[in-house]
Amino acid sequence: MLEVKDVVKAFDKSLVINGVSFSIAENEVVALLGPNGAGKTTMVNLISGHLQPTSGKILLNGEDITNASPYQRIKKGIARNFQITHLFEDLSVLDNVRTCVLSNRNQLGRFFKPASGYKEATEEARAILGIFNLEQFSDQPGSELSEGDKKVLDTAMTFALKPDFLLLDEPTSGVATADKFKVMDTIIDAIGKRGTATLIIEHDMDIVSDYCQRVLVLAEGTILARGTPQEVMDDPRAQETLFGVSE
Amino acid sequence: MGLIYALNGLYFAAFLFLTSLGLSIILGVMGILNLAHGSLYAIGGFVAAYFIGMMTGSPAVLMLVTAAAAAMVLAGAVGLVMETTLLKPMYKRPLEYQLLITFGILMLIEDLIKLVFGGESRYASAPFDAMGSIEITGHTYPVYFLFVMGITALAGLFIWWLMAKTKLGIMLRAIEMDRDMAQAMGIPMRRLTVVAFVLGAALAGLGGALVVPTTPAVLGMGMDVLIMAFIVVVIGGLGSLKGTLVGSLLVGLTRSFTVAFYAELEMPLLFMIAVLILVVKPEGLFGQK
Amino acid sequence: MAQKTNRRQFLKMAGAAGLGAGAVSVMGTKALAAKKSIPKTPIKVAAISFLSGPAAGPFGIPGDNAYKMMADVYNKQGGILGRKIDLISLDEAGGAKTQVELARKLILEDKVDVILGYISSGDCKAVLPLSDELGGLMLAYDCGTHVLMEGKKSPYKTPKFQLGFRTSAHLGQDNIALALAIKKYMPDVKKIAGINQDYAWGRDSWHIFELAIKKLLPQVEIVKTLWPKIFTTDYTAHISALQGSGAQIIHSSLWGGDAVTFIKQAKAAGLFKQAKMAMSRGEPYPQELGAEFPEGQFLCCAGAHYFLYPAWDKWPLNKWFVSEFKKRYGKYPTYPSYHAYQAITAYKTAVEKASSLVGGWPTMEQTAKAMGNLSFETPSGYCVINKDHNAREDCLVGISKMTKDYPFPILDPQRLEVFPSFQVNAPAGLTTEEWIAGWKS
Amino acid sequence: MTNYLFSSRALGYLLALIVLLLLPQVLSPYHLTLVETGLSLAIMALGLNLLLRYAGVLSFGHGAYFAAGAYAVGLLNMYFPDNFSFELAMLASLGVSALVSALFGFVCVRHTRIFFSILTLALAMLMFAILEKAYHFTGGSDGIRIPLPTFFGIELTGMRRFQFLVGPYYYIVVGIFAAATLVMLAVVNSPFGKALQATRDNEVRAEMVGIRVKRFRWYAFVISGTFCGLSGGVWSFVNGHITPEISGWVFSGEIVYMVLLGGFMIFEGPIVGAMLFTYLRLYAVAWTEYWMLIVGGTLVLLVLLLPGGVTGGIAGLAARLRPGRGGGRG
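Sequence lines, in order, name chains U, P, R and G. Quick note on numbering: the first sequence equals residues 0 to 246 in numbering that gives the first Met the number 0. Quick note on numbering: the second sequence equals residues 0 to 288 in numbering that gives the first Met the number 0. Quick note on numbering: the third sequence equals residues 0 to 440 in numbering that gives the first Met the number 0. Quick note on numbering: the fourth sequence equals residues 0 to 329 in numbering that gives the first Met the number 0.
It should be emphasised that the hints constitute simulated quantities derived from the structure, not laboratory data. Note that the Cβ used here is the ideal one computed from N, Cα and C, for glycine as well. Hints may be right or wrong, so weigh each one.
[As the list claims (entries may be wrong)] Some residues of chain P that are not near chain R, with every Cβ distance over 10 Å (derived):
| no. | residue |
| --- | --- |
| 1 | Tyr49 |
| 2 | Thr136 |
| 3 | Ala163 |
| 4 | Leu167 |
| 5 | Val279 |
[Stated by the list, open to error] Using 25 Å as the maximum straight-line C-alpha spacing, the simulated DSS-like pairs for lysine-lysine come out as follows:
| no. | chain 1 | residue 1 | chain 2 | residue 2 |
| --- | --- | --- | --- | --- |
| 6 | R | Lys318 | R | Lys400 |
| 7 | U | Lys74 | G | Lys213 |
| 8 | U | Lys75 | G | Lys213 |
[What the hints assert, rightly or not] Derived CB-CB ranges, DEER-like:
| no. | chain 1 | residue 1 | chain 2 | residue 2 | range |
| --- | --- | --- | --- | --- | --- |
| 9 | P | Ala76 | G | Met264 | 33 to 39 Å |
| 10 | G | Met77 | P | Ile169 | 54 to 60 Å |
| 11 | G | Met264 | R | Tyr155 | 53 to 59 Å |
| 12 | P | Glu263 | R | Gly77 | 52 to 58 Å |
| 13 | G | Gly166 | P | Leu79 | 54 to 60 Å |
| 14 | R | Gly77 | G | Leu14 | 53 to 59 Å |
| 15 | P | Tyr261 | R | Tyr155 | 34 to 40 Å |
| 16 | U | Ser22 | P | Met188 | 47 to 53 Å |
| 17 | G | Arg321 | U | Asn26 | 48 to 54 Å |
| 18 | R | Lys151 | G | Gly94 | 23 to 29 Å |
| 19 | R | Thr40 | G | Met264 | 48 to 54 Å |
With the hints as constraints, model all of the structure from the sequences given.
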């Protein structure tokens, strides 16, 4: 599905990503771990097209997308959310999702029929809200949701783009600890229904070990360790990088 | 003749520099395009004309100093009132409110000037006449213009010193570069904003004071200056001292030489330059986005 | 209800438009007229001039002052046919679009008896057609554009507007008179330049002047035409360009602060050592500039409107007008004040004339009939309103000269050139351009 | 369409339309022309609000597109007086203003915030300079007179202009205004309208859900400019004369004033604003020479005390009087 090959990214003279390679298959949920400043967000930006690598290649379904613009990548099936929630706060929750659905159907450039007149898109949006348990908020503006629900809506919007490949940058940051698992359950459940390949950036090891099949540990621009959550937890080098001390 | 054309250009540039500096500072520090800036200039003009009229018979320099001081104080005072009462609540409001309130203030000041000074034009050319003319390479040239250039150079140096060498200036520039960061650093934003605004208003007042000896103070005199200052700021860059200087020189000299050789092009050329710069580099030659 | 009256007004209007010969016969029946009574209510007169903006000082306020003074004077004499004048001074602000709306309000809602107004040519062009559209009497009092009442091609139908008039002569006469004066005093002039504001007024003024001077003095070469923006405060660049051109005469229609600023800066830069000004409406500026105003310049008075002409001993009305104005406002009247006098007096005279023919208070249409072909005394001599509804006046061009009697240069009494109106105004039905083209050189 | 044809809004619209159509029976012809002016300006206010409310950018130079529409009519009359028909004039103002706004908009939409406003302002001034400078082509500052057009082949020469204005033309204006309002309502509710609001709320995110932000903003600019052009075209007949001032920044500022006066958060706000502004300004000028104190003072008070404009204020008041949820949306 997604392949990253020998990607290097330098800002001025400092190497932020130094020869990273990995691949993620269909239906797989992979976590990207690493201390602050390890280059996680840079990696996400490279994949979503907000940055161009200095060298190396990125392939989606075998097609080289290294030089494609973010817009082209969206159209090819890459979707991402942001570490900080980015909603259309004045639009209703339904419209937030429906806009994404319409975008996916290439119907955004339509001028005259009201958005609510697009029956199929509306039903699809409602279905997605159903999957993410947001139905009851449909007609409220996005700004009125709780932080946790906002986070879920943010992910729902990404999901509504029906991506082949999903990038989730800290989908539970800002969510109350008690709700984190509920949020992740919802997200992973939804993803599972479509078989999307997913890369999650996450700090919380509990979440990682519960929801991800594989883990990549990024430190100082290279991949330090990879494997199942358990394998990585047992790796002393990874332990030191992630938790500061080896147990 | 070339020298005279250049001098003419410099004089116009000097005058533009004074009037656009305030607009530029306010835009840079506060992010507000003050449409009432020209009205502050008009206040300066009317106040100076009033004082010069009162002091008939005094030496030219004394008249000018008094008139300029009075104009700066009054324009500054109006600026102070305007900033603290009307603009202060606007900083957190969207752009449309900021622009519209200055538009409203412009209309208010225009009519207040008429209420206070009456509708008749005010002539105050005594200092201009008293200074006479000198010969420069066989051409007669009014001394007053040289005087204005001198004053502007001094004012420019003072502002440069203020911005580059004093703590006040450094803090102002910090605000210009990054408002949030400046706030986080504990810079007293509120007080500085007031200072910057009053400074800009006083400079506009000075510009108005210096112009009335050459042209009468008339109702609506601020509208046109606003447009010229706007062009300078757009060319030079929002909030940049260097940009304002370069913008003024560019506009002043371009105008002088186009009038001499291709008179028809005068205004369109200036607008074209402004639009071109806006298209290519919307923050202006020396501005930051 | 309001609507009904208005419909009726339209019908009346429609009738009046085609009245023609009918009106004459109505006016002829004097006996019937004498019985009609005149209402006691005041006459609503709207006077519109610039009361804000840069044109307020030089034109709007002197004009408005004269309106106020004359309304006052006429009211003391008993008003017009015993009815007091209720003068409403309004601001000619906000551009043509506001003025159109305002004129509609004045005619339809406030139902004023007459509108005296407009300094800007753009406003005149936009508003005057409303006179016939809405059925309101309008006297344009100061705007200068020659095309206001002229058709596109000669001969054209006159009058253009049944209820619209202009009670002063247009810019054609100023510029033609200037050209004639130049021909008389400097017949050998070779190089002429022009500096006129870059809008219709400046462009039109230069256009007529250029046509006339080329016809009168074919040897003249136009060495420079400058078009500064209106309300320019710095003319140094233009002055240098004029000096560089070697012009002997500089034609200019600059007005207000622009004229003052230009002359002041030009004098300091020594322009008048090599060239003379020919100012199409230069009359007010010696008074504004005082002794600083250079001597020997050609100044046209937008008609014969000058505080010293006609001489006071020969024409007491001028003496009275000047003294009364000076007493009230501390200044000598300038041409906009004279224009205002002409507008309000034209209305008064026309009403009185119409009433003497039909008796009672004349209708608007009767007043309009009386106004076409009206001649009346003004402080400047006689004003004639022609059948094209445009006024004709004599035109005075003088040369500035310092005397002992005034603190500013006056027009040299030895060299006052007064051109009779037929010499400087196109006859009704001919456009000014085509009239000039037909001159024998 | 059916969805909101039967909603309460649709009912309100129908009522408003009926009132507008009945106005000639109760209003004096003079007030009818004012309403006509207000309605034609309302089309422009709606256009500006598409950018301000729905795209989140403030144009301070919309006079340029109004002027483009009005001058299309004026120049058509000047150069093709034999083909001066109303339908052609409307097509010309739509076409020319669409062209001008497409050109200017292409440059402007690359920027947002104050840069956008400054650029639009500068372009309007450029337009003003061209209209006034091209004296031989446009009549310069004196402007162009707009006579009566032919109307789908019908000659109106026998009619007095004012009869036309308060007679058939009033219904034409109401018709065009109603059509324009419905089109705008459709646009803001369409997928495009929602996407536009998405770009306003969050440009970064909008891009990430596949909205081409600049292109959409550009479309909005062109639609907005074309509304202004239509407004200018319709208005030019009401006023009968056009001058370059309508492209100046002062008039452009007044357009923003109208929108804010009515309240830009509510779809119908700009319409109310255009109507109120027409009356406010005219009565201030007619009442006192210090009219700028009134118009300017009203503006300052409005910004300080009633930022939601008149309709926003009424909606707020209604919400307070009616406790509990519901009903308060615009």
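Each hint, compared with the structure:
1. With 10 Å as the threshold on Cβ separation, the claim that tyrosine 49/P sits away from chain R holds: the shortest Cβ distance comes to roughly 15 Å.
2. Residue-level check passed: threonine 136/P sits 12 Å from the nearest beta carbon of chain R, beyond 10 Å.
3. Against the 10 Å criterion, alanine 163/P stays outside the reach of chain R, whose nearest CB is about 30 Å from its own CB.
4. With a cut of 10 Å on Cβ distances, leucine 167/P stays outside the contact zone with chain R, its closest approach being about 32 Å.
5. Non-interface call for valine 279/P relative to chain R: holds, since the shortest CB-CB distance, roughly 25 Å, exceeds 10 Å.
6. With a C-alpha separation of about 21 Å, the suggested pairing of lysine 318/R with lysine 400/R holds against the 25 Å cut-off.
7. Straight-line distance between C-alpha atoms of lysine 74/U and lysine 213/G comes to about 17 Å, which keeps the hinted pair within the 25 Å bound.
8. Proximity of lysine 75/U to lysine 213/G is assessed by CA-CA distance (about 20 Å); at most 25 Å being required, the pair is judged to hold.
9. In this structure, alanine 76/P and methionine 264/G meet the distance hint of 33 to 39 Å, their C-beta atoms being roughly 36 Å apart.
10. The hint said 54 to 60 Å for the Cβ distance between methionine 77/G and isoleucine 169/P, and at roughly 59 Å that hint holds.
11. Distance hint check for methionine 264/G and tyrosine 155/R: the Cβ-Cβ separation is about 54 Å, which falls inside the suggested range of 53 to 59 Å.
12. For glutamate 263/P and glycine 77/R, the hinted distance range of 52 to 58 Å is satisfied, since their beta carbons lie about 56 Å from each other.
13. Against the hinted window of 54 to 60 Å, the Cβ-Cβ separation of glycine 166/G and leucine 79/P comes to about 56 Å, which satisfies the hint.
14. Look at glycine 77/R against leucine 14/G: about 56 Å separates their beta carbons, and that is inside 53 to 59 Å.
15. At about 37 Å, the CB distance of tyrosine 261/P to tyrosine 155/R agrees with the hint of 34 to 40 Å.
16. As the Cβ distance of serine 22/U to methionine 188/P is approximately 51 Å, the hint placing it in 47 to 53 Å holds.
17. Remark: the range hint 48 to 54 Å for arginine 321/G to asparagine 26/U is upheld by a beta-carbon distance near 52 Å.
18. At roughly 27 Å, the beta carbons of lysine 151/R and glycine 94/G sit within the given window of 23 to 29 Å.
19. The hint said 48 to 54 Å for the Cβ distance between threonine 40/R and methionine 264/G, and at roughly 49 Å that hint holds.
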